[in-house]
Each structure stands twice: as C-alpha cells, then as structure tokens.
Amino acid sequence: MDTLHQKPVVELREFAIYGKVKYIISNVYVDRPEDSPQNPEWLEQKVLLNVLVEGKSSLYFTQVENKRYFFCREAAGLIILLSPTPAVTDTTAKSFHLLLRNRFNCQGNPDSYFRSLKYETANLSEYFVFNNRCLGLEAITYPGLGSLVWVGEAQKVPKQAARPVSEGKPESQSIITDKQESPEQNTVQTSTKRNWHYINVEINPLIRQVLNFSDESTPTNNPFQLQYAANNKTTGVGFAGAFSYAREKFSDNSNGNDFETITRDFVLRLGYEHKQQAGTRWIYLYGYDLLIIGGKEETTLDNFGGGITITTKRSGWGMGPRGGIMFQLATQVFIGTEVSLYYSSVVRTEEFPDVPETKQRTQKIEVNLPVAIFLGIRLGK
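Counting from 1, one number per residue, gives the positions in the sequence shown under this note's numbering.
For the record, the hints were derived by calculation from the structure and aren't laboratory data.
Treat the hints with caution; some may be incorrect.
Only pairs whose alpha carbons sit at most 30 Å apart, straight line, appear in this in silico BS3-like list of lysine-lysine [as the list claims (entries may be wrong)]:
(1) Lys359 - Lys249
(2) Lys118 - Lys296
(3) Lys296 - Lys364
(4) Lys313 - Lys249
(5) Lys313 - Lys296
(6) Lys118 - Lys249
(7) Lys46 - Lys20
(8) Lys67 - Lys20
(9) Lys249 - Lys67
(10) Lys296 - Lys359
(11) Lys313 - Lys359
(12) Lys364 - Lys313
(13) Lys233 - Lys313
(14) Lys296 - Lys249
(15) Lys249 - Lys233
(16) Lys233 - Lys296
Kindly produce the complete structure, drawing on both the sequences and the hints.
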C-alpha cells in the first residue's frame, strides 16, 4: 500500500493484497448522472474497479457520482451488469436478473431465484461464489477498502458503439472494455464444455472395513455398484446409467458327490436425470429409469461317475422413479445416496435333462431405501 501512495493513480494498472483487497483500473462505459433512465448518454471512463469475486466468472464494483455499477467478466471482457441503466440505486431493477440468468447461471436457477436477488454487494458476491463452485473452481473474494473511488476523464461514446446489452440476451451486443485493460484476461476463462460427467461407485464395503465393522455384509438392496451420469451445466438435465455384474462359484464334494454351482447376474439401468444445486455444497437429483435384468445359474451334480446339469435363467425388465442427494467433499469429489421405487417383471426358466422346461413369472414393486453410499468424481472443467 505504501507504493500506492507514492505513485499517481493514473499510472497504476492494478494493486492487490491477496485475499484482502484488489483493484484494477479499466475503461468502462457508464451513463451520465443527469441522464434519464430511458435515454442515457454513454461515456467511456477510466475507473478504479473493486474486485469483489475473482474466478471463472468474476464480479467488479465501482461508484460514479450517486450511482453504483457492477461489472462481470466473461470470455470477451467486462460486461456491465445493469443495462439499459435505470437509477441504479433502485434495488428492484430487473434487467440484471436476465443477464445473470442467461450468462452466469451454471446452477440452472429458475426465474423465481433471480427475482429475490438484490442489486447489492453481499447478494451478488455470494451468487458469483456459488456460480464458480458450480464451474468447478473455488473463487477468491476480496472485501475491499469500502469507499475508495477514482474516476478518470470521461469521453463521449458514439451511440452505435455504446449500445448496451439488450435485456441480457446472449446474442446481443455486450458493453466491454478494451481487452488490453484487463490484466487477468488470459487467466479467467469460462468453461467451453457443456456437460458435467459424474462417475460413482458404492463404498459401503470400504466404510465397513475402515470403521472395522463386522465382515458380515448387510444387503444394501441396491444392485448398482457403478454409476455414470452426464448433466448439462446450465439446465442440469441429462442422461444417467448404472451397471452391476456378479459371478459366484460354489462347490462341494461331501458324501462322495461332486456338486458345483456357478451363478452370473447383471442389472443395467438407463434413464433421464435432472440435477439441481441446493445451497453451497448440496445437489439434489431426480429421474426416471428403465431396467434390464438378466442372470444364469448352472448346477452340476456328479454322482458316482454320472453327471447331470440343471440350468436356471432369469430375464426381465423394470422401470420407475428415482431421487437422491449429493454432498460436495472437494471441488470435484462428492458423496451421496439415492432412493428408488421400481416395478419389475422377471421370468425364471428352469431346464432339467430329459424334462420340458418350466417357466415362472414374478412381478413386484420394490422400494430401494437410501442405505447405499456412493463416492463420485465430477469431470468436465
């Protein structure tokens, strides 16, 4: 800070104390204080911007005369948050809601969420911290020095060049600064990938081993040990799948008889899923799934040199709704559980030597309680 007092402000580009305060000097567009909200005259001014949040999506603040201005950073540069500019002292102004919803809405928040968001430092800073978390980055926040303000000489901007963002639509013209005035332009970028990819595995056996529980396994009533999901970063809508396969072999040679059973089972789940951010670290999800069920069991009995084989096959399908919740342990690491209500129809076919096969159909509706714990990673920065 001593350097700041010894050097003219006009010669500075930025100054910062990490995690405490950061300011940058940049060219921005502001309207004249005496202008009417319906027909503002845009001026290009060099101002001192207070960096509030720094990350993949950043937030800046300044005050000119009696008006407060917030600026956001996207790939093209700085964009004014409120445009067209009404009296920015009015915290009920709605134009900035549209811009946030369309350009800075990784969580896929609905309109009702933005209607409750105020044009204030605390509210907007908290929102940008959450948005960066959704993008996979823990943002840096700067409290600032409060009332530190510096404004350079204004230059009138031609109306065509000063066209503001029209209702915050992505395809409209942005009000941006000269890229050369942005020191961190190359380091702050928005993710170009559209989807998050989640890979989950069941960790109930690991938890039991780490906590030294009994080796006896309590059935989780949830056959899906491996899960995958791909969800859109903006809407949360996506595809989800899960798979489980098990093979078991049992043999016995007591009483002079060789007895062997080999069992194979699999379950495949495919369906629609929607994930939604709930607070800072929580995500809730819901969806609807289709199940494909199959299995085969072969039992061979060798009795005094003569052997017979009994084959049992299982095939069927199922469907039903599913819901769950996830907690963010680290930037890309989650833990979660789920509950489902599935209807299933399975045909069991038994084949004996020299005997016609027999078939049995089982239909049931089953609730899978949230007793299976999953550990997952998220990809797609």
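So, going through the hints one by one against the coordinates:
no.: 1; hint: Lys359 - Lys249; in the structure: holds, 24 Å
no.: 2; hint: Lys118 - Lys296; in the structure: violated, 61 Å
no.: 3; hint: Lys296 - Lys364; in the structure: holds, 20 Å
no.: 4; hint: Lys313 - Lys249; in the structure: holds, 16 Å
no.: 5; hint: Lys313 - Lys296; in the structure: holds, 4 Å
no.: 6; hint: Lys118 - Lys249; in the structure: violated, 64 Å
no.: 7; hint: Lys46 - Lys20; in the structure: holds, 23 Å
no.: 8; hint: Lys67 - Lys20; in the structure: holds, 25 Å
no.: 9; hint: Lys249 - Lys67; in the structure: violated, 76 Å
no.: 10; hint: Lys296 - Lys359; in the structure: holds, 14 Å
no.: 11; hint: Lys313 - Lys359; in the structure: holds, 9 Å
no.: 12; hint: Lys364 - Lys313; in the structure: holds, 18 Å
no.: 13; hint: Lys233 - Lys313; in the structure: violated, 42 Å
no.: 14; hint: Lys296 - Lys249; in the structure: holds, 12 Å
no.: 15; hint: Lys249 - Lys233; in the structure: violated, 44 Å
no.: 16; hint: Lys233 - Lys296; in the structure: violated, 40 Å
Of the hints listed earlier, those the structure fails to meet are numbers 2, 6, 9, 13, 15, 16, in rising order.
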